[in-house]
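If you want the building blocks of each chain, they are given just below.
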Amino acid sequence: MVDAALIDLTQDRTALRTLYAPPAGDFSIVEVPKLPFAILDGEGPPEQASIEAAVKALYTAIYAIRREARERMGKSFVEPPVEMVYWADDMDDLAAGNREKWHWRVQITLPVWADAQRLKDSAAEARRELGDDRAVRWEVLAEGKCVQFLHIGGTSDLPAVLARLYGDYLPQEGLEPDGPYHEIYLDDWSRVAPPQRKIILRQPVRPTK
Amino acid sequence: MSAHLTDAELLLLGLVAEMPRHGYELEQIIDTRGMREWTQVGFSSIYFVLGKLEKSGLVESELPRGAKARKTFCITPSGREVLRQETIAALGAYRPTFSSLLLGMVHWPVLAREAALNALEMRLSSVVAELERLEQVRRQRQPMPDHIESLFDFSTGQLKAERSWINTTLDYMRNKPW
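Read top to bottom, the protein sequences are chains A and B. Here the first sequence stands for residues 1 to 209, numbered as in the numbering used here. Here the second sequence stands for residues 1 to 178, numbered as in the numbering used here.
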């Protein structure tokens, strides 16, 4: 059964643009709808090598779904980018950029027909490449109101942006974090040099209590 | 530089355009992206080709300080312009490739029917095996950007066309009464 309230981002180009093509260089507010995701939980602190391995495993697990999506939808299939999601037991560690204390996961939204069972089947097809220890799960997320920022450049500038987000922008707007922080990488880092890399920073928010 | 680049030159120019890289890194990328399968770029020729590109002013090299420093190659503005033009030419111009099948079919009558049919069946199984191999390579190389996924679609599309042609031809040749 497909949940009627689920948004299929692989078909909705307008929503895709709103969610993944924000104006550069400024904080903006976006309403993130209810979306189905394939999610792989990270282990240990977020380090480039383990993140890359997790992204690869996630894409390998959903390969059969993407192949079917291309066959079913042809040119109307547009793929949303992969998202890194970070959180910390103490929110201050997130704001301060203490990455060694962060927890993380990788996720990508799926077409609505790709339900939990489809994801399981797709991952099973790639068992030889995946091994047994990687468990990709299916989950629906509705993050609602978020603040986001399009950053172009390397990751070394990110702490400064986060400091502005948590230190200035959110308090000024009367908002506080409400859920884990996202980094959405729009480029393949093995093909795009650091100064040109586009990264969307996204933080779910709620009015300050 | 008005003359067309060779395939090896265009390949390396494009990889250096992504970001500055040194020779050994280029060697590794050519390997991990499976470019070795469809280009003739040996390890020794990488430096030779980079040298040619440098001499034509399309890339420039930089030797950082330090004992273990490796020479890093960057693209120049004129290199980027040539890369754009050569990419348009590569996408836009159809360059036919001739399959061994052409000679095989031309000489079909020199074989007994069974021998010819067997040979065509062998071809069919290699085509099927290649389709399976590509599918597996695709899974192993995830994630790939969409323009690379489309490139794989191109190769599998050609193989599927060939598979369908072989099946039709086998049917016809098996069933004709003389």
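Derived from the structure by calculation, the hints contain no laboratory data. As the structure is a computational prediction, the values presented were derived from the model and not from experiment. C-beta atoms are modelled at their ideal positions from N, C-alpha and C, and glycine is treated no differently. Just to be clear, a hint being listed does not mean it is correct.
Calculated Cβ distances over 10 Å to all of chain B for the following chain A residues [as the list claims (entries may be wrong)]:
(1) Thr-18
(2) Ala-116
(3) Ala-126
(4) Gln-172
A short, non-exhaustive set of chain A residues, derived as facing chain B with CB atoms under 10 Å [to be verified]:
(5) Val-55
(6) Tyr-59
(7) Arg-67
(8) Arg-72
(9) Val-78
(10) Val-82
(11) Lys-120
(12) Asp-121
(13) Ala-124
(14) Arg-128
(15) Gly-131
(16) Arg-191
(17) Gln-196
(18) Lys-198
Comparing the hints with the structure gives:
no. : hint    : result
1   : Thr-18  : 20 Å, holds
2   : Ala-116 : 20 Å, holds
3   : Ala-126 : 6 Å, violated
4   : Gln-172 : 37 Å, holds
5   : Val-55  : 6 Å, holds
6   : Tyr-59  : 4 Å, holds
7   : Arg-67  : 8 Å, holds
8   : Arg-72  : 14 Å, violated
9   : Val-78  : 9 Å, holds
10  : Val-82  : 7 Å, holds
11  : Lys-120 : 16 Å, violated
12  : Asp-121 : 14 Å, violated
13  : Ala-124 : 13 Å, violated
14  : Arg-128 : 8 Å, holds
15  : Gly-131 : 13 Å, violated
16  : Arg-191 : 5 Å, holds
17  : Gln-196 : 8 Å, holds
18  : Lys-198 : 13 Å, violated
Hint check: violations occur at hints 3, 8, 11, 12, 13, 15, 18; the rest are consistent with the structure.
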